[in-house]
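Protein sequences appear in the order of chains A and B. Note that the numbering used here has the first sequence beginning at 92, numbered continuously upward. Note that the numbering used here has the second sequence beginning at 92, numbered continuously upward.
A hint or two may mislead.
Distance windows between CB atoms, simulated [unchecked claim]:
| id | chain 1 | residue 1 | chain 2 | residue 2 | range |
| --- | --- | --- | --- | --- | --- |
| 1 | A | Gly-235 | B | Arg-103 | 30 to 40 Å |
| 2 | B | Leu-167 | A | Ser-164 | 38 to 48 Å |
| 3 | A | Arg-411 | B | Ala-180 | 48 to 58 Å |
| 4 | A | Glu-417 | B | Ile-99 | 53 to 63 Å |
| 5 | A | Lys-214 | B | Ala-180 | 32 to 42 Å |
| 6 | B | Gly-260 | A | Lys-258 | 26 to 36 Å |
| 7 | B | Arg-357 | A | Ala-270 | 26 to 36 Å |
Hints in this document: simulated from the structure, not taken from any laboratory. All C-beta atoms, glycine included, are put in the ideal place defined by N, C-alpha and C.
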Amino acid sequence: MSTVTAPASGASVVTGGATVEFRSLRRRFGATTALDGLDLTVRPGELLALLGPSGCGKTTALRILAGFETHDSGEVLVDGEDITRIPAHKRDAGMVFQSYSLFPHLTALDNVAFGMRMRGTSKTERRNRAQELLELVGLPQRAGHYPHQMSGGQQQRVALARALALKPRVLLLDEPLSALDAKVRLSLREEIRRLQQELGITTLFVTHDQEEALSMADRVAVLRAGRLEQCSTPSELYARPATAFVAEFVGTMSRIPGERSGDGVEVLGRRHEVDGELPADGALDVLVRPENVGLVPTANGRALVVSASFLGSVTRLTVRLADGTEIKSDLPTEAAAALPVGSTAEVTLPERPVLVDRRVATA
Amino acid sequence: MASLISKIRFGRGLVLLVCGVYFAVPMAASVIFSIDDSKGGTTFRAYTDLLNAPGFMDSLTLSLELAGVTVAVLLLLLVPALLAARLGAPKLRPVIEVICSLPLVVPVVALTTGIVGVLRWGPDYLSDTPLFQTIVAIQDPSFPIVLVIAYVLMALPFAYRALDAGLRGVDVVTLVEAARNCGAGWARAVFTVVLPNLRSALLNAAVLTVALVLGEFTTASILGFAPFSVWISSNGKSDGQMSVAVSILSLLIVWVVLLLMSAVGRGRKSARS
Ligand SMILES: Nc1ncnc2c1ncn2[C@@H]1O[C@H](COP(=O)(O)OP(=O)(O)OP(=O)(O)O)[C@@H](O)[C@H]1O
Ligand SMILES: [Mg+2]
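Next up, chain B with everything else stripped away, as it sits in the complex (with noise of 0.2 Å):
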């Protein structure tokens, strides 16, 4: 028995073991290589330059933004529509599954081709009507809202996978009707009861979303946008030790908002036990 326990935790250890090599040896190489100084000392240059060069902190503030803002498109759409499905139209629920789902099963290329055909196609067409204006304004570089709307839609079945799994751990009806029971009108009973209990889920969306909006690049790029995903490819090829600099950096700054993200989220909690 006890031998058991010690091969499996062997055995775990091992797959452990094998699983961070593979991901740290690489990543390690990359830092040591980006650093190396070529006379056995070490630099950090590459990176000094990268921050220093032209459009940096905007291409990040641009991505940070286009992030947020899909992110509460995203939820101000699902959670509504998810909510009022488990509460009122059950039959419903389906339906919204395989909407939800469609996103994944067209290619993000087609998806981009489609954009790009209707915002060339667009202007010709509706150049005497107020749409020609909102046509141009979607495209405005500094705030593209179409890449946000593309976004909204690439990040759906995630978002909505998140806050199902959430959503099938709590039972939304009950819950709503002991609220009610207890005093609280519907609005009042969805924000003191049902959202607190989704906490989790809404931030597993969040946070697939955001990882999905900073790593972005094809419609972006396609679409002549520079977001951070665009301007690092654009901007690392200089040099060997800058393109993996600026991979490296990359990778960090995705990491560090998922950790604020996630910080923030369960520091809320164990504040209020």
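This is chain A alone, in the form it adopts within the complex (with noise of 0.2 Å):
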């Protein structure tokens, strides 16, 4: 686990582009609901990360706004217009698919100048701008290469040369970085959101990756089994998730038992505040981001420090307390020095929880 970092700005100069809308959106697959009425607005010029575990809906949403699949009700909005009716290859969306779909008979230059054929440009405008296109993502000697010539970083680069080639007013991007290696996708993730700022491009970008999604995006949208559950900037995510399925899916979180304490939880023998309301019945799961949690050594202590995983300059800590929680705690490398796993200490929270919820039975 990396830290996560917001986008130097939280959002960046909006120079054009379209705006989006899905309005409950619904799509059903036999017995399986792929969207179960979706709301969603992209804004002009800003990166939207699609977020959710596999299977939420998250492909599906972003085909029927490109036209490869259909919806059952619902209405996709491109700066207000219906789109329903306007087939696949007149949506002006260009598309990065997860998996390499370079053509490949035509080299990396007549795979980008593809839709420029297909428009009927002259040869050589095309080629000229085929050309500054892959100058653009980095790869202008690669020109006369063929696909399978190419490692897959480079065939994802000319795949977004290629999508980029004729102006379209949305630019989608499906997981185009979850077949390539970790240093790879790191170098591809900044060039896309570089590139995506300076064209100032509306774009969608489906992951499953939070990580990807928080440092990439301007907005996050989290998806959860066909429906939006919370949509907002990634610090915001992070720091004020909606929901507890936000929360734990977005960073890693710690659920403590505690018990109703008027409009407050007591957990581990203090009282804390609760930003907003609480769950109106039933027993009380208080949730905390690791680096929130503080342990001191003490001997005898409530907490046994169970596992230690050094993450660079800091280090996870897992201590169980004697009810079988286990509550993770980010420490700096050197203060966690004194917490050998088998040593015991006292678990220290912060005045606020992060999130109060309904308990879940723990296995």
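Grab the two chains, each in its own frame, and use the hints to assemble them into the complex.
Now the structure itself:
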């Protein structure tokens, strides 16, 4: 787990791009409901990440927007216009696919120029523009190479150039980095972000990697079972998750059983104030992030250190309470040295927990 | 390590040598026999006699025409069907596979007997209907369509396998979507992206079909038509030398046709790259 960095500025300079709106979008495949009333607006020029567990409908939403899939009900609007009846090849949306999708029989240059060829652009013009686009994605010297002569990262760069070639109103990226190794993924991630900001193009980026979403996007939309769970800036999402699902899906959370205490909650013998409403009834869990949990080495303390994993400047310790609850705590690596596995400690919690949720039965 | 590699090389060489001898010795012996003038010299009399024999060119042309039409009909049937199944109805794929493999379980003789039966029975019952004319037309000896029908059936399993193998190597769905995303309609996506990537599969299907049609004897002979294979068997029997020359000639012709086909297929590819 590496650190999560919010983009340099909350919102990038918006230079143009289209507005995309999904309204109560529904799509069923036989017995499975892929989209169950999705409501989401993508603002002009922003990079919005669609984040969610496998099968939550991310790809389906993107494919409906691209025209490869139909919806059962609801609306998809681009700049206020319903695009349902527009066929895929006239949608004006550039797409980068998860699997390598370059045309194997064409060179990188011809792949990028393909869309312009379909539009009837003259040969010299499309060659020039394709060459420019290859420079834009950092591959000018690969123009004459065939897809099978390029690495995965290079192929996805060419696919990105191909998607941008027709100056689309919307850029759609369906897990474009998931087939690449970690290092290439990181550099390409930054490059996509840089390009997207330069061009000011409205971009939907599908991923199930929360770190990717948080580090690249202006806003992140978390989906769950075909519905929008929360859509906000990465920092907001991390600090103030709207639901326990978001809290636990984005970043790491520990659940600690608590007791109702007026409009607050009592945990580990201390009362804590709570932001917002408490769940109406039932037993409560308190959710805290590891970086907000402190551990004080104490002989015969209530928490037993059961594991430690070194993450660089911090070390993540897992402690277990007498009732079996496990709590994760990130400590500076030097401080963690005082708490070897098997030692005991006292746990200190933040003044306000991130979230209070109805208790879930632990296995 | 080095000795292991050299052992493998040696083993390979040995296998190659044995196979080579197995094929080359009889061929070489046949060639020598066919051009031996029994006085220690060489003569090409057997070959020139063959080439000048009546019906040689006619039967060869008929065979090539049959092969060409069979390939065209097969590909026009199979390619759209297989693409449609991949793109629109993946569940139909096993059904298509079974249907295309059915001819494998029907012996050629059985198929031919069936055809003979229909052709005999047809005229008696259909004499008052337009179908009567059809039955007559498909048996025109100058171009027996009935043979094309039979050959399409016989070649179906092989052409299907070749095309299916090619389709497995390309992600048709993604390629078509990518093409449509780049502004190509359905038809253009298929013609500009899918078919060029199936070139070698199409070629393989065509080569297998042509080889089958040029070599097919049973059906043509039983139905009484005279394509090259039938002509060869009836004209090569006059003397020993001639009959050997005939088999060598037919081998050569089939090879040349197949080599030409693959040269054309490859040539276009390298010209573009
Ligand atoms: N063409 C289809 N036929 C049948 N079911 C489908 C089809 N496409 C998607 N589904 C189902 O719809 C649900 C949502 O699929 P979708 O591909 O949108 O998920 P996803 O969020 O992209 O997941 P992943 O992260 O695994 O890519 C899944 O349960 C999936 O099995
Ligand atoms: Mg997906």
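Hints, one by one, checked against the model:
1. Our hint of 30 to 40 Å for A:Gly-235 and B:Arg-103 holds, since their Cβ atoms are close to 36 Å apart.
2. At roughly 40 Å, the beta-carbon separation of B:Leu-167 and A:Ser-164 lies within the given 38 to 48 Å, and the hint holds.
3. Look at A:Arg-411 against B:Ala-180: about 54 Å separates their beta carbons, and that is inside 48 to 58 Å.
4. About 56 Å separates the C-beta atoms of A:Glu-417 and B:Ile-99, a value consistent with the hinted range of 53 to 63 Å.
5. One distance hint, 32 to 42 Å for the beta-carbon pair A:Lys-214 and B:Ala-180, holds here, with the actual separation near 38 Å.
6. Taking the beta carbon of each, B:Gly-260 and A:Lys-258 are about 33 Å apart, inside 26 to 36 Å as hinted.
7. In this structure, B:Arg-357 and A:Ala-270 meet the distance hint of 26 to 36 Å, their C-beta atoms being roughly 31 Å apart.
The structure is consistent with each of the numbered hints, conforming to all of them.
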